[in-house]
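Novice: The listed protein sequences derive, respectively, from chains A and P. For the first sequence, my numbering begins at 1 and goes up steadily by one. For the second sequence, my numbering begins at 1 and goes up steadily by one.
Note that these hints are calculated values from the structure, not bench results. All values derive from a computational prediction rather than experimental measurement. Careful: at least some of the hints might be erroneous.
To be verified - EDC-like, lysine to aspartate or glutamate: derived pairs with alpha carbons at most 20 Å apart:
hint, chain 1, residue 1, chain 2, residue 2
1, A, 132, P, 124
2, P, 167, A, 139
3, A, 136, P, 93
4, P, 167, A, 133
5, A, 132, A, 79
Letter by letter, the chains look like this.
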Amino acid sequence: MVDGIFAADQLARIRDDIRTISAMAFKVGAGSLSSQIKTKVGPSMYLYILSLEKENRLPAAASLGHFLSELAGFLDAIDKITLTLAFEPSVDFQKEIALWLEKNLGTKVVCDFAVDEGIIGGLVIEYHGKYKDFSKAQEIEPQMRRA
Amino acid sequence: MVTLLALTLALNIILAFLVLIAILKIAKIPLVKKPESAKNTKLTKKLEIRLEGEVEKLIAAAGRRIDAKLSEYFQTLVDDAQKKGTELTGFIEKQQESIVKETQFLVARDIAKLQEDLQKYRADKFARIDQQVKDMVYDIAKQVLGKAIDVSTHEDLVKAALERAKKENLLENAKH
């Protein structure tokens, strides 16, 4: 499941799903957990829980809360990087960028993509409190101001 | 003026009356006429004429002196009035001149300050308008340029920016 997460909004959705499942875990319901959560969580979380059930790796109800808490902690620990682009990136391009970053950073990373047409082109990066503007606007601003 | 003339006239009459009494006393002539003899009557008549002449002379002399004195006083009054008038005119002229000069100075100073303020205001306004125009041109240019770039080029620009970030160790430094 974690391999499929590359964007911050996906991560936010997974966190919401964990909260939903945590709330449901203490209620007695008919059928498996996956069947109960199917319509209430995102597909990736549903498939993840379903796969755990099939492999008999899903913890018992008593320890399910602890398992979900650990999962949330693990997701929170994933590195985040904010990338501002001048256009709306396709999902494929988002994935490509995330993979490139993972490769070069040597760690799992999720990207928070923001769009600002004012930067013209290129990229603005915010990572671990650092900010760097690699945009075209930054490059041509002095010339444009002079003009 | 009328009061002064009336006073003078009254003074003349009193003076004439006093002179008459004095003469009568000197000549030992009683004020109330007593029955006299024909001889005395003739003498008295002559004396009367003489006295009248003397009294007229005295009155005329007193009148002349009073006229001269009055004339002198009037002249002094006129001179004083003229002098005061001249002084007042000079004072007024000086004050007028001073007020005009002060007003001219104040007006000139106000105009200079007004011109300076106006100049500054104009310069500020022009600078602000200039900046606003530049900002507008800049914003429009950014939008136009951004839209003119196709998605593929945008993606290439992003990749190139990432490579630059890598070269500048922005990503390396953040490891672990």
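Novice: So, for every hint listed, does it hold in this structure?
Specialist: Structure-based check of all given hints:
For the hint linking residue 132/A to residue 124/P, the alpha-carbon distance of about 34 Å lies beyond 20 Å, and the restraint is violated. For the hint pairing residue 167/P with residue 139/A, the CA-to-CA distance comes to about 17 Å; that is within 20 Å, so the pair holds. Between residue 136/A and residue 93/P the alpha-carbon distance is near 77 Å, which puts this suggested pair outside the 20 Å criterion. Distance hint between residue 167/P and residue 133/A is fulfilled; the C-alpha atoms sit about 14 Å from each other, no more than 20 Å.
With a C-alpha separation of about 17 Å, the suggested pair residue 132/A and residue 79/A falls inside the 20 Å cut-off, and the hint holds.
Violated hints for the displayed structure, listed by number in ascending order: 1, 3.
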